[in-house]
Amino acid sequence: MSEIISNLGLGLSVALSLQNLALCFIGCMIGTLIGVLPGVGPIATIAILLPITFGVDPTGALIMLAGIYYGAQYGGSTTAILVNIPGEATSVVTVLDGHQMARQGRAGVALGVAALGSFFAGCVATVLIAALGVPLTKLALVFGPAEYFSLMVMGLIFAVVLARGSILKAITMILLGILLSTVGTDLETGQERMTFGFPPLSDGLDFAVLAMGVFGIAEILRNLEHTETRDVVQATIGRLLPNMAEMKQSAWPIVRGTALGSILGILPGNGAVLGPFASYTVEKKLAKDPSRFGRGAIEGVAGPESANNAGAQTSFIPLLTLGIPPNAVMALMVGAMTIHGIVPGPQVMTRNPNLFWGMIASMWIGNLMLLVINLPLIGLWVKLLQVPYRLMFPSILIFCCIGIYSINSLPSDVIFIAAFGVIGLAFIKFGFEPAPMLLGFVLGKLMEENLRRALIISRGDPWVFLTRQIDAVIFGQPVGIPLSGILLAIAAGLLIIALLPSIRKGRDEVFVE
Amino acid sequence: MPTDVDAGATAPKRGPIRGPQNVVSGVALIALSVFAVYLVSDLPQGTLRAMGPAMLPRWLAIGVGFCGAFLLVIGLVRDGDGLEKWTFRGPVFVALGIIAFGLTIRQFGLVIAGPLALVIGGFASDETRPRELVIFAIVVTAFCIGLFRYALNQPMPILIVPGTSIHI
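Protein chains in written order, with the numbering used here: chain A, 1 to 513; chain B, 1 to 168.
Just chain A, same shape as in the assembly (with noise of 0.2 angstroms):
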């Protein structure tokens, strides 16, 4: 427990620096910001600044980025409550019921109450990742190539399990950006793979590249096919603060949305998705009256609203312990590090250790930050949100291209994400969700090493996935702990139950709810 204190106490003399302080406000207010602006995701704006991150340390930049994630979830829900379409991916249960108080003119107390389950998510949240990342960096520390291997199926089989819709369509889109991974240059023979002899192509496809056009590019498109009509609450926003009554209401689903959301969002794939809609589900169940839910019932904001906020930030712990993205936004984390020089991994602790608790100190402070910028700007973002979609998507995509251009100032990048939003459009409209082959092209490259590593090793022998043991001591006995085989073992299982038809069918209505 000192331990933890004193770590903390070490980030946030790091966090608490001047400069760090001016990027963790500027990364908290862009992420406010396209949180807000529906069409707008973290994912395209981290993108596009990363260049801009070159200039900064490392450390700093991370606490940026770090900011415009979890920023995006406060922002998200702004335009959730006061415009009935939400601004992230993660607000959509928040709609619901956040919209319905808004017409009955508690419109502030729906935000306030969102802010405040926010804050203390991030808190709890906060304090867990400096919990857990001590003991998981030195399991991480144990792990050899055939562990990482199984871990990453692992992680790619918890994708497909909580990525909507088929499971046999999320298992391809793996498929497919593993195999997209494997384009440009071998590492090891440096035979080039699949790049139809195009320079470009010979370091492999840029992850941001990929990123943005699937994401950024295809979204605009997306959003072109429907007009959506926003209707933004004219009606007063009202007092801020909920009364003790409400108070009392919201303090459970406040904690319940918590817990759901930080284990939830620890594991790979969509956690911070899914996050509020467990804890909507389970609050509506809990409920003595559940049919106060969609009219309104202030149990039904906090808790997904805790949920996605938590989630958010514990999609960190994989990456800052064992260098594995647990999805897209964290995926180009990976890329901001890499750019930096820093090896995400166990070793991050170690190595960087003012990096690593600078960002966690700098998450609780974003957090604060938050709550007290997030609420007195409410009558910008409601003007911001009038500037019509017409003109909005035409200055993204200009973002998009000179983000992307600055990256690498290849004009042939530009013109990539031109066809990978095309792409992107196409999966979307054939339903195939394009997250979970955002996350097999990340780990991708980290799994074919780690694959032919293991097999080197073993003298090509595969069944060393199941049979490998590493050293342990439990109650003082020397054993050997299978550690990969049960990875895979956890995998396999997962997949079995996940097309059970009863269980297919529960996941399904999780969805729809």
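Everything labelled a hint here was simulated from the structure, so no lab data went into it. Since the model is a prediction, treat every value here as computed from it, not as a measurement.
Listed below are several chain A residues computed to face chain B (Cβ distance under 10 angstroms; list not exhaustive):
#1 P51
#2 R222
#3 L397
Just so you know, even glycine gets a beta-carbon here, dropped at the ideal spot from N, CA and C.
For this one, chain A is given, so just place chain B on it according to the hints.
Showing chain B alone in chain A's frame:
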């Protein structure tokens, strides 16, 4: 200017295809798989002990092909979703705008590439008002030059006039 074209056969189809969305995805995935297998066909596969460059891509492509075949079968035996409508205006203008940016940024700089991308891309929406868009494009480009080149110090050509020494 192309108007919205109904590309998908959205009317309920009779015949052996019961889930058109799955059938089309399946066929596309099989084609992709064959293409990828062909692309790595001249690379060595190696052995498990010393994996060659082709091993992983080849088997992944085969996996994608299997998934495609599976989807195709599902589409033939089980009722599924129909094809969604495509409207061409959005994708065409957005893609053209981005391509215009890519083709002009290095030769002419942001002063030309920016408004070009904004105006062409802007026509993707059918609510666009041309005069408003042109003014908006100039303002946004000026803003981007200030933000990216001067505030954020990004290496970005602003204006290049070919044949002269103007190169900002």
